[in-house]
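K.L.:
Chain B: place on chain A using the hints.
Residue numbers (this note's numbering), protein chains in the order written: chain A, 31 to 428; chain B, 873 to 1468.
Treat the hints as calculated values from the structure; they're not laboratory data. Here a beta-carbon is modelled for each residue, glycine too, at the ideal position from N, C-alpha and C. Please note: incorrect hints may appear among the correct ones.
Stated by the list, open to error - To be clear about the criterion: a stretch of chain A counts as covered by chain B if any three or more of its residues have a C-beta under 8 Å from a C-beta of chain B, and this derived list gives those stretches:
id: 1; stretch: 54 to 66
id: 2; stretch: 295 to 304
id: 3; stretch: 325 to 336
id: 4; stretch: 344 to 350
id: 5; stretch: 364 to 374
id: 6; stretch: 377 to 383
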Amino acid sequence: MMQQKWLLAALLALAGLGVFAIYSSSSADFGWSLALRQVIWCVLGIAVASVMMRVRIKTLSAFAPLLYAAAILMLIVILAIGRGPHGTRRWFDLGLFRFQPSEVAKIAVILMLSRYLSDRGAIGDSLKSVLGVFAIAAIPAALILNEPDLGTAVVVGFLTFPLLYAAGLDSLLMLLLLSPLIALICAWEVVAWVVFVALLVTIVVFGRFKTSLIALVFGVNFLVYSLAPRLWNGLAPYQQARVLAFLNPDNYRFGAGFQIIQSKIAIGSGGFAGKGLLQGTQKALGLVPAQHTDFIFSLVGEELGFVGGAGVLLLLLFVVYRIYRIAGTVRSRFAMYFCFGFASLILIQTFINVGMTLGITPVTGLPLPFVSYGGSQMIVFWGGMGIVLGSSASRKEY
Amino acid sequence: MATIRDILPVVSTRVPVIIAAGLIGILAAALFRLQVVEYSRYRRLAENNYVVQASIKAPRGEIIDRNGFVIAGSRQSFSICAVPRSLLANDEEIRVLAGILEVDEDLIRSRLEHTALSYRPTAIIRDADFATLSLIEELYVDLPDVMVVSEPVRSYPRGPHFNHMIGYVGEVTQDEIASESGDYHPGDFIGKAGVERYYEEYLRGVDGMRYVQFSAGQGTRPMEVTYLPADNPRPGMRLVLNADDGLQLLAHSLLKNRRGCILALDVRTGGVLAMASGPTFDPNLFATGISISDWSDILGNEDKPLINRAIQSRYPPGSVYKLVTVGAALERGLVTRRTRFKPCTGSYRFGNRDFGCWKKTGHGTVDLVGAIEVSCDVYLYQLAERLGLDNFSASSNEWLLGERTGIDLPGEIAGLIPSTEYFDRVYGKRKWTRGVMLNLAIGQGELLITPLELLCFISGLANWGTYYEPRCAKRVEHDGRTHHFEGEAVELTMSRSTIGILREAMRNVVQGDHGTGRSARQPVIEVAGKTGSSQNPHGDDHASFICFAPYDDPEIALFVLLENAGHGGAVAAPVAGEMLSYYFGEGILQEVAVIR
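Same shape as in the complex, but just chain A:
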């Protein structure tokens, strides 16, 4: 572990900041109790990490399918028996804390994808392998979507792209694969749609792909365009409201836009140096909901200002950077894929979470890695770090 002491220091700094921010946001209602619990989760997480470090990469690779199957089973069980507020089924109530299977599923998907890709050679433009990768992510993503937890499902889906990149997938082909997602955004404006189709045609002309693939990509994109209204209607009313509020928060000032506006005011009024520890006025008014969990960054921004906010972002960037570097140096392909996927997970989740507090991504229930309150996410992210550190320590092993 000592070889990565700066990485470790960055993680501990993030966790420490998290505990402090949780205390600041929850002490009015709960005193020390939530902050203390977070300390316990953090200690437990580090314990899990030090165990995971010692597990051999080959063992992990061998058990990956089993872990993946177990994660899917848990997701099915939670859908069958889960009982949360308003009919949601996101966690098991274990008395002491609420265990979220979808957090474990993220790691399980990365492990399974690592195993799947490391069993194969360079992926090149093998469509079969690409479909395999999508299928591995799609099953848990679909189950999580039903909880419903759109944010986590999207994250699990997005994990496939960095791993496909790491497997050497042709970058133009990657653009083609991403095109249906862009199509979903462009499908609402005729001008955007025309530009999108023109770009697609350009890519296809320069890419020299098989005819069957071209036909498939165009088919899927046009299907997305025609089904877009149906997909929109398939969202729950609160999900629609969040998207609309994201696009135009001022029209939803006291509904779904309330969180976005209040979060922006809290952060903006923090200024360059912040209002000082425990001095947040917006926090004290109870204006920003979920401020110890998903909206924790707005508290950091308000009380510690740009200095603190940018500091948290730099720490997370440093963590992501170090893990990508480890991915570049390990000899085991399985470990390489895992590090690559895990760094990308932290990156994607940071972007969506911090982005929503700043009003540049839609509101979803995703925690900020290593910082937000929550036992499941702390243990899962620290556990993943254990695997990364273990890979780094045994980087000469195949």
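P.N.:
Only chain B this time, still in chain A's reference frame:
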């Protein structure tokens, strides 16, 4: 493995690192824009940002009896709330408020202790009276951080007689906030016992949201913002009980707050018609937060009024249990309905000990049905010798005695059926004699049963082998939809002939010339029952009487237990008789007259 890696290009980490830096850069730029470039705008917005979200409490769902009488409802009450953070910073204001409320200043401070840093209005006094409210209104200039909030409060308009079945509500504790699934906030109310607790998720509504303008200026108070639409609360679901208010009230008044319980089941559905436990207390005491003196009165009461004796107390069942002993012997073919033993002379010699019959002069020679009718102990002692402990406990277990019935109430406990293993464990192997079996056979000794377990067994006899898991709630209704709660059917593995003999014996207990339960007789219908008088270490015998009626086509099963009250036939059976006569018609006319 090594070769695969060698032939593959080493993956470049340059591109992902650039993408990561780019994404974090986007966030940092957005952060910079908000906090540095647009700082003054957001600071101004923050200063004027006095609109606070406050919840509107949803009224709990009504609980009504089978006829529609409201057993638990809601009434509007006024709470005096304060904004903790600003009030605690203003000692003068606390002094004024303490003067109006006639309480100690420290009491106000302690009320706000847990939410001291919050701006969310917190209740200081609930259910304030009109005079206090008027004073608050008059002095509002001196009380800028105090507001009056109208909140629904649980009320039990029919008073204490439904207490143990319905339970009560109370303020949610910190532990409950942490452990309950579903979001609770400090100051919310939650079901603490009985139906209120068991059906919490149905009864609890969904709180709404309103917007309160909060101002730090002098002479203005936090007030509701009317130009923003409030998000209305949704009330909890209405829950319909199986119980009958009139029968419950009668049970309550027959108990006269003595220690004991009266329990009535509909044998055809398992519906709980009445469940009274004494002594009781008024659940309205809890509705706005119970006072410390009331609470210590209840806790300090030696008779333990918090216990629901129908499901949370275990008693030696006494002679009522003879039905089980006899049933076990009949099922094994060890006796028939005509079996006679040595005549009863008032006591029975076993080993070197005399076991007495309750009738000191003896019953003479009786057959099996006759032995139940007159409740002869000596007959049962001899039958017990034939049956043996293992058969006795096996049959008890098979008929689910000593097990929770699964009623829809929290905190139900199970009885205790001693077995050979039990005695070996408690006294050591061979450190006990077969004499224990003689006591068990007449429902004494180590045997302990809850009233509900026993009544379920009797319902099974009444219904020729089938009873239903007891249910207090019949259904919930919400937005025109209803959901029914039905107890599952339970089969007693007992032959029809055995059931027939036990039923006939029970009928003779009430209808027979020598029966011990004659005082429960009814004018038209036939009643079948069994009396019990159980010895216990606390004084006089517990008097009990269990029965069902009508004999031919049973509707109701009834259990009356009065602690330390004397003989079952003399004390409990007449009480059961009054319950039956109300149920079968005599009382209904009176009740209708009262309602009009």
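K.L.:
Check each numbered hint against the structure and report the violated ones by number, ascending.
P.N.:
Structure breaks no hint.
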